[in-house]
Amino acid sequence: MESALAAHRERPTKEKIGVFVCHCGRNIATTVDTKRVVEEILKHPAVVHAEDYDYVCSSPGQELIEKAVKEKRLTGVIVAACSPSLHETTFREVAERTGLNPYKCEIANIREQDSWVHEDKEKATEKAIKLTKSAVEKVIRNEELEPIKVGLYRKALVIGGGIAGIRAALDIADAGFPVVLVEKGPTIGGHMAKLAETFPTLDCASCILTPLMSGVAHHPNITLLTLSEIMDVEGYLGNFHVRIKKNPRYVDPEKCNLCNDCVDICPVTVSSEFDEGLSLRKAIYIPFPQAVPSSYLIDLDACLGMNPITCGKCAEPDICGPEAVNFDDQAEIIEEDVGVIVVATGYELYNPANIGEYGADKYPDVITSLQFERLLSPSGPALGIPKRPSDEKIPKRIAFIHCVGSRDERHQPYCSHICCTYSAKHALLFKELVPDADIYSFYIDIRAVGKNYEDFIRRVQEEAGVHYIRGKVSRIYEQDGKVKIFGVDTLLNKRIEIEVDMAVLALSMVPAHDIEDLASKMRIQIDGSGFLQELHPKLHPVESATSGIFLAGAAQSPKDIQDTVAQASAAASKALGVLTQEKISHIPTVATVDTDLCSGCRLCISVCPYGAIKLVDEKAEVKEILCEGCGACVSTCPSDAISLRNHTDEQVSSMLKALVGEI
Amino acid sequence: MHIGFEPRIIGFLCQWCGYQGADMAGTSRLKYPPSIVSIRVPCGGRIETKQVLEALSKSDGVLIAGCHTPNDCHYVSGNFKCLKRVTLLKEFLRHMGINPARVRLEWISATEGRKFARVVREFTDEIKELGPFGFNGKSSQEIETKQDSKLSLKEMGGRENE
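For the record, the sequence lines run as chains A and B. At position 252 of the first sequence (counting the first as 1) the number is 252 in the working numbering, and the numbers step up by one without a gap. At position 18 of the second sequence (counting the first as 1) the number is 18 in the working numbering, and the numbers step up by one without a gap.
Please keep in mind that the hints were generated in silico from the structure rather than gathered at the bench. Heads up, a few of these hints could be off.
Calculated lysine-lysine pairs in the BS3-like style (CA-CA distance at most 27 angstroms, straight line) [what the hints assert, rightly or not]:
| id | chain 1 | residue 1 | chain 2 | residue 2 |
| --- | --- | --- | --- | --- |
| 1 | B | Lys-128 | A | Lys-123 |
| 2 | B | Lys-31 | A | Lys-121 |
| 3 | B | Lys-58 | A | Lys-121 |
| 4 | A | Lys-121 | B | Lys-115 |
| 5 | A | Lys-121 | A | Lys-43 |
| 6 | A | Lys-155 | A | Lys-184 |
Just chain B, same shape as in the assembly (with noise of 0.2 angstroms):
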């Protein structure tokens, strides 16, 4: 536990559920951290990888919150293609010595508020054993890893094995 430390995390919401869930902890004034700030998106399908990186970079956690699988997506399967994206990019962060934790998907539907709350509860917890996240010059536990991580992979020969 880093004392002082109050984790920031972008929220990347669904406008159908994710958003939904949010304003429902609201409406049922379901108390969590003021950690997180979102933004409200289209789709978990319009997230893109690029945009959860620009947003790490500049946090301490990315959650994302879209429609259950399989069928609750509006647009059919923007839920799907959001998982297969994010568990790419969970393995890229683990090969760049990030740990992936600090991106977290959830299906979290309209009706869901006290799942929201306790989502962010749990969420800003595990950030707070992470530690603060910084690319340049932070030291966190997770950049000596990235550094072990790129020393084991000379030793193997670019091969990788975990």
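This is chain A alone, in the form it adopts within the complex (with noise of 0.2 angstroms):
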């Protein structure tokens, strides 16, 4: 008791402080207790006002906020509500409306962290009366603070060259900033650059995409690196710091004029990448007629060796005129420093074999989806024409296995949002091209969940006859010519076995492998899937945790391409909100050295990650513009010299005493 008493002493006594507390409606109202909360926060000391409301965050609520500072001349606010992440910023606008500080307001989180968890009402109250106690101790203690002022870079980085990154760089550089495109492969365009039509319009992929691709290799404010990867990333918003390694091509763009006498002398065939593998190319060569930059490249793993003795003879000046083909090309390493970056790296199609039971890496008739998107393709291996692998014959009769790796607790759990309706797109281009197929399709459930989606099915099963098989197939073999399919028709109860000439399985859409590896370069996260992980699903869905990086594209979840270029869009528009500001605003809790007691003994240098700070005439200092308000240094300092702007020792202490009622 006593010390309790000399706690209520020590706390300054000037402050005025009022007390929030949101129902959110039901939400909070159900489990908490608000009218107790309102009563008991009023026996503290500090605390001058306190009431109860519907929605705080709504703008009835707000004014109620408003009102009471001005009438009681408040000096700090606590709303008790929902989550800081949610919104901290609109209550501390509230706070800066009114004439207060922003940082004199605080929040207690007594919705996520009390009501939706709990289900005893009486002890959800005690809890949520001491979050509210202990957010009136930190917020009493909180210095008023301003925001700190820096410049920033009005450049902008996008990773990955596929349609999300293409549309953002495209709308960034059209509003009139400088763009660095970063793509790993030689060209950009994406998987989108394979599709032959897409859905559910079946405008041809290419006529939407290659203007785009065109667009960004002559856009003034684009600079396009293919063949280029993220080394790392340092800095912050407004201020990042980028290190790319730009790989050689070997063959040099600006002089390189599509002649293709290199490709007709190569000795060297691979199988091609861009046609999924059925066709080949020659270790020279240019991944697909309108790639971007419009030049061919060496495949250095494939080529012989690039010198004389070995091969060399694409190199060879009555080969290569314009004499592009460079073998001294080497990697170099590009540092930019831009003010925001868009990270849109894609997607990979799960790696069929590990699916042994379709048998997708043994039998050549059976392929995957996006192989078949090659072979329906006009520019693709078959010229449009669907042959199947092995003998070169069209198919008759033909089975599209959905959720293939999706759906599916052994390999991906979710849905790979876009096979139901590229599958039926698959069997609406096969029977045009082949009127007499028999076509089957193996489905869970139809999820066709976009725009215009379902009449596309209904259209496909009503023209194109295909046959809908509800349930999943459990094996594929090949045998005697034919690939063999067994099933169940979960609608029928009945066990299913058909022979066709070729199968096409839907294969998941995975996170791009590397993904990981940038994402930690980046700091932002990845979530249970793999895929970039958004600040808020319904907030903030295309910002990353780290402010300045946005997401776009499939690598934060699978889409299509109507939604990823409407979220690159969203994602550019929001990278160009920071770009077009004057100064950005730079988190002012930062840590603070007190000289008289900084012995100098370098401890807190050795430990800030962002080397803010130094010693000055043998005391630290700290840049605040460097500071990250971490607060590594503040726990590693022997003397008790660094403190954190609004996260000091004696706040925790006194929060500590509010949570365990001493307070």
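Need the complex rebuilt from these two chains, each delivered in its own frame; the hints are there to steer you.
This is the structure in structure tokens:
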């Protein structure tokens, strides 16, 4: 009791705090007795005003705060409501409108960490009182802080040159800001460049995409770096420093005139990545005729050797007239300072070899959906007439297998979102080419959840006469030139055994294999399925946890082209929101040194991950603009000379007291 | 099991991972005992030994939740700083005769709401098993262990051998 009294005496008395307890409709009020919280919190000596209200975040709710601050001349505000991740900014802006310093507003999280997770009303109410008191204890000790203003680089980095990266780069560049677009592969275009037609309108993919690719190539504001990867990312919002490794192309895109003579002379053939292994290419090649940059390149792993003894034929002057082939090309490290980053690294298809029972790695006529897409493409290996890879005959009976690796606890538990609709598209396009075809589609559920997709599915069912069979395929194997499929029809409740000429597996979308590495370089998080994690699904759907880094496309979750493009434009507009600012606000909750106590031991310097501390006159000095406010130096300082603004030892100590009911 | 004993747990949750994970548990409406009350801290690397001890002196257990090692820390290496400090602290607690299980360190990401709820449930049950904790006269099993360890240290001339 004595210690509690002492604590009361120590506390600043000039503070006048107002507490606003939110019901959040029934979300909080069902489990927390808000009236009792108000009653109890009024007993706190610093609290001069407390009330509860349905939705404090609404306009009338915000007006209650404004009114109370003015009438009772409050010095600080506590909102006991949802998580600070949701509305801390909202309420700090309200505080600012009333003339309070935004840092004199704190949130007590009585929803996510109280009412939503507990059932016992009595105990949840007790907890809400403690959490609110602890917030009061913190706010009365908060310093009034102003954001630190810093300049920014008005330039964007976009990682990934698929449709998402292309859209984001063009949007930012069109608004007048320079963009560096980094692509790992030799060309931009991504998966979309491989597609024949796109659902549900059946536009030709190339007709939509190639003008955009060309737009990137010729845009004065876009610097395109292909064959390039991110080495590291340092810095913070507005001031990122990025190192990019640009791998050698061995052909100068400026000089290459696309004559194809080098390809004719090259003696090495390997399978083509662009055609998903269904055709061959040379060691010197162009991924596809509309590739951007419009230039050939040498695949060093396949090339026999770049000197006249081993080969070097493509570099001979009578072959490459413009002398574009350059064997001495070297990797270079490019350093860029940018203000914002858009991550659009896309997806990969799940490896079919992981699903042994379907035999995609064993049987030539069991192919992936992307391979089928190449077969349908007029520019593909079969010139648009799908033929069986085994004997080049046009298949008459064909089966599409949905959810291969998706919605399957053994592989990916999530739905890949696009397979139902593209399998329907495949069936329709195939039926147009082979009118007497028999088409089977094995599905779990039809999930066609986009604008006009349901109509599209219906059209396919009616026009293409596809036999939709609801059930999972258990096994596929090839025998006597036929593909045998075993499964079950769960609607008729009987076993199915059919023979087809070709089977197409709708493989699940998985994140790019190196996404984890890239995410950790940028300190952004990945979710349980391996996709990039957005900050909040509804409030911040294109932002990552690191401010200034935005997400677009299938890197964030499986999605179709429409959603990808929409998200890319959203990410670009968020990026422009930063780039158009005069100055960037840097958090003022940084470390500060009491030079009287500092012994100059340098321990803080050794733990600071940002190099923000320097020794000046044998005393530590924090360069505030570099400090991110992590507090590593604070907990390391043996002299207690460093403290973190608004997270001082005294604050933590008093919050602890409040949390256990000592205050 | 101590009948009628309701543990008091103090959580130090890093604002990027542990705290967000706790929020995710809420958003997913996962239930766990109201034993835990938490403080949002900027980073696991900010948590000081003295703060954990102060929290422990007022409660029956302390949960620290930060970002997964090696690379999830928002501040590069705060999780490792936290890990080192907590490891040392647990060793220190053991020397003091306090069961180190009263301090629990977990890596919980922003998406791991389920893990947060599970950890709080598990930890609450563990603390229930251990019984109430207190330095001042509140006798508990650990205080006895503490005296034992003092004795053994004396017998061995200050050298420890466990």
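Verification of the hints:
no.: 1; hint: B:Lys-128 x A:Lys-123; verdict: 17 angstroms, holds
no.: 2; hint: B:Lys-31 x A:Lys-121; verdict: 13 angstroms, holds
no.: 3; hint: B:Lys-58 x A:Lys-121; verdict: 24 angstroms, holds
no.: 4; hint: A:Lys-121 x B:Lys-115; verdict: 24 angstroms, holds
no.: 5; hint: A:Lys-121 x A:Lys-43; verdict: 21 angstroms, holds
no.: 6; hint: A:Lys-155 x A:Lys-184; verdict: 20 angstroms, holds
In terms of the numbered hints stated before, the structure departs from none.
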